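Position chain S relative to chain A; hints supplied.
Protein sequence lines, in the order shown, are assigned to chains A and S. Here this note's numbering runs 310 ahead of the position in the first sequence, where the first position is 1. Here this note's numbering runs 310 ahead of the position in the second sequence, where the first position is 1.
Mixed in with the good hints, there may be bad ones.
Because identical chains cannot be distinguished in the list, a pair is counted as satisfied if it fits within a single copy or across any two copies.
What the hints assert, rightly or not - Below 20 Å or equal to it, Euclidean Cα-Cα: the simulated EDC-like pairs (lysine to aspartate or glutamate) are:
(1) K947 / D865
(2) K529 / E966
(3) K715 / D796
(4) K947 / D489
(5) K715 / D671
(6) K947 / D654
(7) K644 / D951
(8) K574 / D398
(9) K529 / D578
(10) K529 / D518
(11) K651 / D850
(12) K656 / D604
(13) K715 / E734
(14) K715 / E924
(15) K651 / D365
(16) K656 / D671
Derived from the structure by calculation, the hints contain no laboratory data. Values in this document were obtained by computation on a predicted structure and should not be read as measured data.
There are 2 protein chains.
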Amino acid sequence: MNRNPILTLVRLLALAIPALSLARAEDGYRLWLRYDRLTDAALGRVVLATPAGTDSPTIAAARDELAAGLGGLLGSTTPVTLEPTAADAALGDEGYRLTAATRGGQPAVVIAANHDVGVLYGAFALLRRIQTGGSLDGLNLASVPRIQRRLLNHWDNLDRTIERGYAGFSLWEWFVLPDYLDPRYRDYARACASLGLNGTVLTNVNADVLVLTAPWLRKVAALADVFRPYGIRVYLSARFSAPIEVGGLKTADPLDPAVARWWKDKADEIYALIPDFGGFLVKANSEGQPGPQDYGRSHADGANVLADAVAPHGGIVMWRAFVYDQHIPSDRAKQAYDEFKPLDGKFRPNVMVQIKNGPIDFQPREPVHPLFGALPHTPEVLELQITQEYLGQGTDLAFLAPLYKECLDTDTFAAGPARGELVESGSTVARIVDGSLQHQGLTAIAGVANTGDDRDWCGHPLAAANWYAFGRLAWDHDLTSEQIADEWTRMTFGNDPRVVAPVTAMLLASREAVVDYMTPLGLHHLMATGHHYGPGAWVDNLRPDWNPVYYHRADAAGLGFDRTATGSNAVAQYAAPLAARYADLSTCPENLLLWFHHVPWDYRMHSGRTLWDELCLHYQHGVDAVRGWETTWVTLKGRIDDERWSHVAALLRIQERDARHWRDACLLYFQTFSHRPLPAGVEPPAHSLEYYEQVHLVRMPGNPGKD
Amino acid sequence: MNRNPILTLVRLLALAIPALSLARAEDGYRLWLRYDRLTDAALGRVVLATPAGTDSPTIAAARDELAAGLGGLLGSTTPVTLEPTAADAALGDEGYRLTAATRGGQPAVVIAANHDVGVLYGAFALLRRIQTGGSLDGLNLASVPRIQRRLLNHWDNLDRTIERGYAGFSLWEWFVLPDYLDPRYRDYARACASLGLNGTVLTNVNADVLVLTAPWLRKVAALADVFRPYGIRVYLSARFSAPIEVGGLKTADPLDPAVARWWKDKADEIYALIPDFGGFLVKANSEGQPGPQDYGRSHADGANVLADAVAPHGGIVMWRAFVYDQHIPSDRAKQAYDEFKPLDGKFRPNVMVQIKNGPIDFQPREPVHPLFGALPHTPEVLELQITQEYLGQGTDLAFLAPLYKECLDTDTFAAGPARGELVESGSTVARIVDGSLQHQGLTAIAGVANTGDDRDWCGHPLAAANWYAFGRLAWDHDLTSEQIADEWTRMTFGNDPRVVAPVTAMLLASREAVVDYMTPLGLHHLMATGHHYGPGAWVDNLRPDWNPVYYHRADAAGLGFDRTATGSNAVAQYAAPLAARYADLSTCPENLLLWFHHVPWDYRMHSGRTLWDELCLHYQHGVDAVRGWETTWVTLKGRIDDERWSHVAALLRIQERDARHWRDACLLYFQTFSHRPLPAGVEPPAHSLEYYEQVHLVRMPGNPGKD
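The following block holds chain A by itself, in its conformation from the complex:
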């Protein structure tokens, strides 16, 4: 059975028909699920095997996908049949196994799973393997997700604007739901399921209470019905004051029995419409949102009242730890830990605390959030951002798999050795989030979506790589950034090595380049006012914890936020070995140096250069990297379709200009403190500091109602 030629698909057969694939318009709509002809090789049969062995809407979805995918890729019809099979405990609820086999003397691939959703995931895995030029010879591949709930969080408003959305209007056409079901909903579900994503929070965490009213719940139910065959459960954000605003109560106090009753009744109403409703995501007492503290109650009190309401139906509550208050005279980075650490053990079992990767807010680089591992009795959801709020938004290339991996792979030492022993302990964020370290029964990961109704879904032709990377890592956090970049590039642009190698190189370098030209060496939160796009390191006229000067603390002596014991002592929130690593200037990773330390301008970096020179060269390097991609991109002209090529070329021009703008604005400003010249190799700024200070970007995408 091995080496059966009919099952062998070698890489790069896409080269056989470049003319055809260039001839059709490539508008990006198909994402990575492009099924253009790869080869004439035929696959004898695909067998879908489950213990039930029966058809279902999910099996039908797998059949549809295989028919479209194999038909497109192989140019022939492959029979797909159903068989009963023994249960396989190793595969769990959602895993699958792909095996080369024979049926009736013919070669076949068996997709086995315990449940039909596993078959669907296996079907996508088979297609991915073919699409990326993998061999089916002797195929025997099992895969099981590491995290139970793999969610997109949509910050979509009910008027179809999207907070921090850079790809058009919301996908959800609320006004014509439930009557009209855009065919796009199914394609959204296909794209999610192809990655193994199994849940979607449809609405913004800055929640609109209306979504909890009957007419809107019927709309939500219609979406849930479309997504269900693809294994995707719907969740909603819940506004904490809903019992007042739509319930007519006088209070939303979570300890008030009428409030508890209201939430129970609301949950019952929801589950009557959506039996597999996932649960609620809540942003409370943060940035003006209502919450339990309005009534002198704790986050645990607030989360528990909702948790009790959904518990009888198997629902969960994801309670966000993104809280900060300008009136608390502490380091903003410390506040979430200070508020949530004492609550460990006080949440219901179906409450999860949802924590952003870092303690501030989706900066180009942050250390991991100190809450990871610090709540051993509370399941923790890792919240990553797919949309590029602080990472060049809709115009910059910033492939985020390296950012996600950096967080997931960070050793928190939560179950680690005693203070001072800096051997790795295996207490990675990944093992906390997947529940293996602290034996959590409930596990989840969330990505803030970058989708919109732009034809190509994500606005930037390369931005879909981030949706892809999040989904793949949510399934298996052991995948490397390189593997993911390679897969996505092959599926999106084909297997031509003259395309795959340079595109993956660009992707893999891009996040670090953005860090370099925006906020190198641990700098953070340097944006100008009114958006999170361009630089404004000089801004000091907002509420204190929104001012860039609060974060960089530049002065004549040096640069950076002292978060050691001589400063805010935020380092103390980390487990002792990690705290010690960060607190010591000589062991603190240089890429986080200015996050934790106020460092003299002449401090000697590992390179032997001064901090100032190193800072300048990082900014320059960021610009140089973008220029390098522009040069690379020129070599791809004609090797990928003109439509996507031209779009990326234009966006790279914008990115290069913006990178220079960041470099020049930041260096001119910091130079007013350092009083040092730019080192050799750093280009002189194009304008004066005054010029950059008066740039006022308005009518920005992703900023609905705020100018």
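Just chain S now, with coordinates in the frame of chain A:
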């Protein structure tokens, strides 16, 4: 040459390959420019003939379109060659002539024009003729536009929301302009040019001053560059207070020399970037917009200062007459006439006054605006609405060619016989707008666009018919609604008579049905608060001239607004014969009865029924019409593609429900005054009046920032 079989394309050849056209996804993107294979017949050659006889970007656009169109429709390559020809005065600047001819013994079609844009229009006309199944036998067809400036008005904001837009975000991707030029811009230009539209006002009349600043003008220039080969000039809305807001002046007083200088400099700056810039559209002293009256100056003073600025460059100013003020204790319908009539003759020659079709605001039915014909020394622009602000917005079918025609064909008697002679005088709105009646040297027509970035451009699959209808009538107002509906349906859905006949019947009946279930017999402005979608006839708590009760004046005696001499005497603003017709209850058209008269509930209508019974039956008829379309639409399943079929089917369900809602809410409310039972044939309401009164629609499309 006649009857040359190679030039004969009979109707309905589309039937030959239905399977193929059903096989591909029909997402509406191609609009009416679908070039699916019609027939195997070949066309020998197409000759493009101008006096210059030379190539140009516009000739290239014509060649591209013919290559795509003839290649698609005929499935073969047709040579397209260029020839010099004598000028033809009859064709003017933009007209064309299509003639059957021979070249080198081969049959050919000659597209002759004096300028290359005429060739482009001729190319589209040839394709339309083939696409709609017309014969090319003995072809000899000349066409010249009746109106010089044929414009779309986009109410698009710089943040990409669209006021009264129901098809997604703005097409203009301001943030990435001028770097990235979406391929869609060219398709927009193709669609406009295919109809003969030659101008576009890119920005909302509620104007954002930023568009007049240098960075935004560079973005505008990039769009102008894309549109130019298609004969389309760009215009901008101008905020009257711009000299203060971006000019730094203390005043925007139009008689202040510094203000005049500022506008001149701004115009020079614009024309340096966009040499063929069309000019400005201004909404001033209306609904909170700044204007010359802020300085005690007249609309003429305001318009003239802008006109002087653009005059050296050949630009024009379109000054909107849509003005009304709650503090003027007059009938809102009278105010524009009262303000503008005294200004006739006081405008610069390059100022046009832009007037909505009716005196209120794009209601389902209005009488013509009394200003038409009343400013004999001032060129008048007719402003029609393509977007369906008060006509069911994004969900209702309402084909507006009959509305446009009703206005264009109305005899204003502006140059008519003496009072009392009711023979038609030929003083139609069409002849006023095309300049022929009052010998205007400058003519224009404007349609408020219904486009957005929805994949199908207009949101509702049948709404593109309104863009089409506006464009075709702007070119030739003698076309009938029937001709236009037939053309659009054939180009959009193919020539199958089992599709064409029912779809055109639906289109042609639709506007009257919407009038019937919303505002029959001259009722108007009955919307609930916060949107212009659902009914709220009872609303009386807004500023007076926004309240429905201001307009319908229902009481125990009857219904309607007395605008005769016993009331507001708005009728007196019309030319005497028309005023007399409207003022007399017996000659006033019944479909405008309640616009002009307060009519007793038991008044006998032409049908012999009482007003009350007639009113009820109109509402019922509107509902019945929509139900009829639902039945019709079922017969089309499988005859048109599933994607568009399903979308329309869903929207018809919404429309039927909303029609019932309008009927029930309005009749229940008016019944509180009439105290009469519903006549036989009218369905009883589904709910109580209180139910309808508490419906509060929010998060509505097309209402950016207003909930």
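So, going through the hints one by one against the coordinates:
no.	hint	verdict
1	K947 / D865	neither (47 Å within a copy, 72 Å between copies)
2	K529 / E966	between (43 Å within a copy, 18 Å between copies)
3	K715 / D796	within (16 Å within a copy, 59 Å between copies)
4	K947 / D489	between (44 Å within a copy, 18 Å between copies)
5	K715 / D671	within (17 Å within a copy, 57 Å between copies)
6	K947 / D654	neither (55 Å within a copy, 59 Å between copies)
7	K644 / D951	neither (48 Å within a copy, 58 Å between copies)
8	K574 / D398	neither (38 Å within a copy, 80 Å between copies)
9	K529 / D578	within (17 Å within a copy, 52 Å between copies)
10	K529 / D518	within (14 Å within a copy, 35 Å between copies)
11	K651 / D850	neither (31 Å within a copy, 55 Å between copies)
12	K656 / D604	within (19 Å within a copy, 63 Å between copies)
13	K715 / E734	within (16 Å within a copy, 79 Å between copies)
14	K715 / E924	neither (25 Å within a copy, 71 Å between copies)
15	K651 / D365	neither (48 Å within a copy, 75 Å between copies)
16	K656 / D671	neither (26 Å within a copy, 60 Å between copies)
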